[in-house]
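Participant: Respectively, the protein sequence lines represent chains A and B.
If you're matching positions, the first sequence starts at 61 in this note's numbering and goes up one per residue.
If you're matching positions, the second sequence starts at 2 in this note's numbering and goes up one per residue.
Worth flagging that the hints you see were computed from the coordinates, not collected in a lab.
None of the values given here were measured: they were computed from a predicted structure.
Treat the hints with care, as some may be off.
[Stated by the list, open to error] A partial selection of chain B residues facing chain A, derived with a Cβ cut-off under 10 Å:
#1 Ser112
#2 Gly114
#3 Glu184
[As the list claims (entries may be wrong)] Listed below are the simulated DSS-like cross-link pairs for lysine-lysine, each with C-alpha atoms no more than 27 Å apart in a straight line:
#4 A:Lys607 x B:Lys388
#5 A:Lys607 x A:Lys282
#6 B:Lys486 x A:Lys831
#7 A:Lys282 x A:Lys309
Glycine included, every Cβ here is placed at the ideal spot set by N, Cα and C.
If you want the building blocks of each chain, they are given just below.
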Amino acid sequence: MSRLRDALAGRRFFVTGATGFLGTALVERLLRAVPDSEVVLLIRPGRRATPGQRATREILRNDCFDRLRGELGASFDDEMARRVAAVAGDVGTDGLGLDDAALDALSRCDVVIHAAATVSFDAPLDAAVEVNLLGPSRVAAAFVAARALAEADGRAGPRHFLPVSTAYVASTHQGEAREELLDANPFIVDVDWRSEVTAARRQRGDTEAESRRPERLARFSKAARDELGAAGLHLLAERSERLREDWVKAQLVEVGQARAQSLGWPDAYPYTKALGERALVAEYGDTVPLTIIRPSIIESALAEPRPGWIRGFRMAEPIIISYARGLLREFPGVPEGVTDVIPVDLVVAAIVAVAGEALLTPADEYVGPSVYQVASGVRNPFRYGRLVELVSAWFLEHPLYDTDGQPIVVPEWSFPGRGRVQRQLARSSRAMGMAERLVGSLPIRGKQAQWMAALEEQHLLADRALGYVELYGAYTETDALYRVDRLLALWERMDADDRAVLCLDPAAIDWAVYVREIHLPSVVEHARVKTTPGKSTKTGRAERTRKAVLSPDRHLAAFDLENTLIASNVVDSYAWLASRHLAPGERVAFVADLVAEAPALLALDRRDRGDFLRSFYRRYEGAPADRLRDDAFELFHHLLLAKSFPAGMARVREHRALGHRTLLITGALDLVVEPLRPLFDDIVCARLGEADGRLTGRLEQLPPIGEARAIVLAEYAGAEGLHLEESMAYADSASDLPMLEAVGFPVAVNPEAKLAAIARRRGWLVETWHKAEGGANPLLPLGPVDHRGALDRGRTSPAALAGRARRLARGVTR
Amino acid sequence: MSPRPGFVLDVDSSTPPTLFWRGERLSLERLPEGSRVVYPPEPLDPLEDPSSAIRHALLHPVGDREPLPALLSAGMRLTIAFDDISLPLPPMERPDVRQLVIEQVLDLAASAGVDDVELVCALALHRRMTEAELRHALGDRIYDAFAPNGLLTQHDAEDPSNLVHLGLTDRGEDVELNRRAAESDLLVYVNINLVAMDGGHKSVATGLASYRSLRHHHNPVTMRHSRSFMDQDRSELHSANWRMGRLIADAGVRVFQIETTLNTDTFPGAFHFLQKREWEWKAKDRLAYAAASAALDRTPARVARRIFHSVRAPHRMTSVQAGEVEAVHALTTEHVWRQQGVAVEGQTDILTMGLPYISPYNVNSVLNPILVACLGLGYFFNLYRGKPLVREGGVLIMTHPTPWEFHPVHHPSYIDFFEQVLSETTDPVEVADRFEEDFATDPWYIHLYRTGHAYHGVHPFYMWYWCAHALEHLGAVILVGGDTKAVHRLGFRAASTLTDALEMATDVVGPSPTLTHLHAPPLLLADVT
């Protein structure tokens, strides 16, 4: 017989936090292990998905449900549709944001399980307060409202409330922490939770205000510019706003941690959870029948739904992976200390069993709020030293591989103090930061720039590792022992059938088996790290991305020209065209002038590309248009083609062959790009006005650069019925970001450092294209000597143009 | 002293090391005793007075043709076609033979009152010549008189309006020709016959044709049945061109063929030692070799290339004949053989050759890997009559650095051919079946061919077909000193030294193989019995 499951059969459960790690496992077990049970899930509507869609996508399609799907076979979808309902709501808002229908659904549930929390240990204080501190009370308030609604209807309404807390609410003091309400714990400082809420909310307001001070804003803008370069107003603004938000968040995390530590908790998570428990008991302890569940550190499943099942990258995983990568050489902790880890399925079983007992208990026998702790430390202690031993032995046997395919040997662990580890990490992080700044200031692109991006990534990882040590160090140094007497008493009361299905006894864990055969393989699999020797998986990733880019399903491929397809620029083209018909003596003077003003031109280009082009193109004023058009073909075949990237040209044609539309978007002049016309379906470029067969030197419209490119691209795609999310953009510089970000498949070509870093972070395809070795490589972009000599040089000659150029050049440099 | 004929040297213990070309570099290699070295004949004495020889040829044509003045009349339409940059090799010192011949043709035309004259460069699917190259071939006077008025054009095989389809041969081969040339009252063709393959009906039928026409004989099957294409009696390439040439004549196109032959005086001044026999090197030659090879070894490849490509050969004219195509070409072929023919007895297990920096398709450019293959397996391998120098299943060893380098302006389709085609297959038939049409009709390559200085999109395929006979015949090809990746892409084996290569070759041909070295350039034609 199975007393508990019989009590639970056919009941309906209201679950919050179902998209989380614990929540998903809980919902799965309720549906699989409890006959005819139903669940109502409180889910926050996503930006593009209804709660129902999120439930299907994020919960039912998780591999957690593979077992149930296998058991049910074809009837899975129907059965889930019948037994699972989702209602919109958010534990971060008062009243949970429930509409009438949702409240009605809640009123028809028997048990309410609150598993939603901001579990990250570095959540901003106010977010942790809203969710962790106020969340349980809000759910309890909804519980009361739903019960009133049901009673008005003559129904019983929800009977029991199970909020999930954490064992660490008892702080990390030495000694035993019993399964009792916090009011009974003499070590907890008595603070008023209401004033903590007010203070946290005020802190948010103050920090927001501080972040908007002009000096701060200027700093964010500068940082954005440093990062992106001349990426255009919109992108810079967007980036600078992101930096401001990040800064606010970082401030609030720091404040939260400081406040928590001042009260004796390691960080904001247990602090807010603890106050949440107290607020709940104080406000609803008398009116809502409730039992608090306090698990310790929840890790991958021991057996249910399958050994090793885990969701998300959690607390211990990043640490383990950092260690296996050789990044984290040491992690603080005492070898004799107890690491209190508990597999998720034991926690789920405890929740289900407690719910079953609660339903079996008549209302008049309920004696008030109580606590169950689900932890392993007392019943089946797992020493930190043993953990480290198992982990390093496992990685010696199953090493990760670096990008060269060499196995990474994990370091010996010397159980240092936290201070030493922090110093070591801070040192390497500083060194990398310096190298990064140095390399970043060099004018590099292509492979070197990618190397720079790799350096930045290492820096990021080192920083993150430092963060782990700061955050989690306290947990490995915990000496607290979380007693589980009530849990074990519950286990004793359970009959054999219930025990078979709802194993919650920590003694069931064989730690060596758990670490070696269950947890580490699962962690490594989820971390998507390199576990086989041989060439880097990065090439595999690039190969996959390239394949996606070259799928026939794509619509449009837009290309930048300069340094994306051709290693040349508007100044080269101009110099070539203007010197095409000069006498040898004049050529020298012309080149000298152009070289002299190069720095001024470069500076202007960096400041504002639009201004640069506008002012530079004035030099074409008075140039004979037809002659330039003829010369442009020679320019193309002699200079531009010689400086082209053959792989790039081949890529354009590959896209065309795949049926993609190809578009060249460039700030170069129409007459210069004319010889490229057969390569593309369309060309958007700069065009100079023309009067009496001569160029005016004035642009007819804004050149397609910076943000204008994104707009041109969007307009073009719109007019042609093409979708940008199915399109590619190829460009080489951060100033092309607006165009790159506008499409679904951006490709960075020989990226300069800033773009290389961005491309790497966002997983964009990076192509390294070279000029063909073997082409002519003229030092100066000069046209060939005109053999026609002085035959037709006269009033119409571009010598006048060059003269003008020289005068202009002198004007600029002065 | 009259020039000595070519001969075959048997290497013994007293033989000095043999000169090997390695692109823009040189080396001396000691060949195993018992090896043979085939030396070309010495340069023939040139015609003493080329101008009068030309005049004589124009006035005394051979075959069924009247003297040129009788063919010229006022009001007629005259087109003069001439060979392109691929001939001669290296480009000759000024004045170029083409200039000498065309100047006289133009003089005669002027005296006859012909005023509709156009010059067409017969480049087929080769790259267009640059202004400087045209000036070099034709002289400034001709260039300045014709080019500015649009009367000097380069054949455009992709301009449908300038092509005319003359019909099909009895084998169903399309004959499509340059319209101006085909519709002229007289087509004068000015040729330079550097090797036995050049000239004859091939001048017009190939030089002024389109892809539609060329594909009938520029394909793997034809090339495998041209043994060799230097021997027109046993060359399917020539049979097809002759069928087409006869159809062109039957269609009423009157061709006045002028063919010239040059001697093999190939290298000037400081490089003269390159065409002398090693054991006859004097102190001056040894010094020149030491200086040149040491300097070249220390010079960046790009600079060495520029030095070599600025070499202008002191070639001199040894014969000129004009008139009806076939009669003219018979005489020309005799002259070529007289200069280049060498009798060789029996085949060899291993054939070695040093590949120079130049081939017909990289004048002022780079000898890219595909051209390396074509120069060795296409041209040098085929410098035979009778039987190939190397036996069937034998090994060909070539020395060349074979860098992974391409000229982006001249050889854009080669780059893609190397990346996209040879990475998939090196079998000429499969290459043709799977890839040729896409490259040949690619609008971008056509655009670059027509408006720039690019070889046609299909040209790298022809280079590969040129190798088809050798690829079928040989047991292995080893490239010494080449870029390993590029050599492997070609489907060849890479060795770092000649000794290693010989060692590797014994895996294919067995121990104690026979070895023959082809000592070219200067060019020679082996008459193998």
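Participant: Hint by hint, note whether the structure agrees.
Facilitator: To see whether the hints hold, each was checked on the structure:
no.: 1; hint: Ser112; verdict: violated (28 Å)
no.: 2; hint: Gly114; verdict: violated (28 Å)
no.: 3; hint: Glu184; verdict: violated (28 Å)
no.: 4; hint: A:Lys607 x B:Lys388; verdict: violated (50 Å)
no.: 5; hint: A:Lys607 x A:Lys282; verdict: violated (37 Å)
no.: 6; hint: B:Lys486 x A:Lys831; verdict: holds (18 Å)
no.: 7; hint: A:Lys282 x A:Lys309; verdict: holds (19 Å)
The structure shown violates the earlier hints numbered 1, 2, 3, 4, 5.
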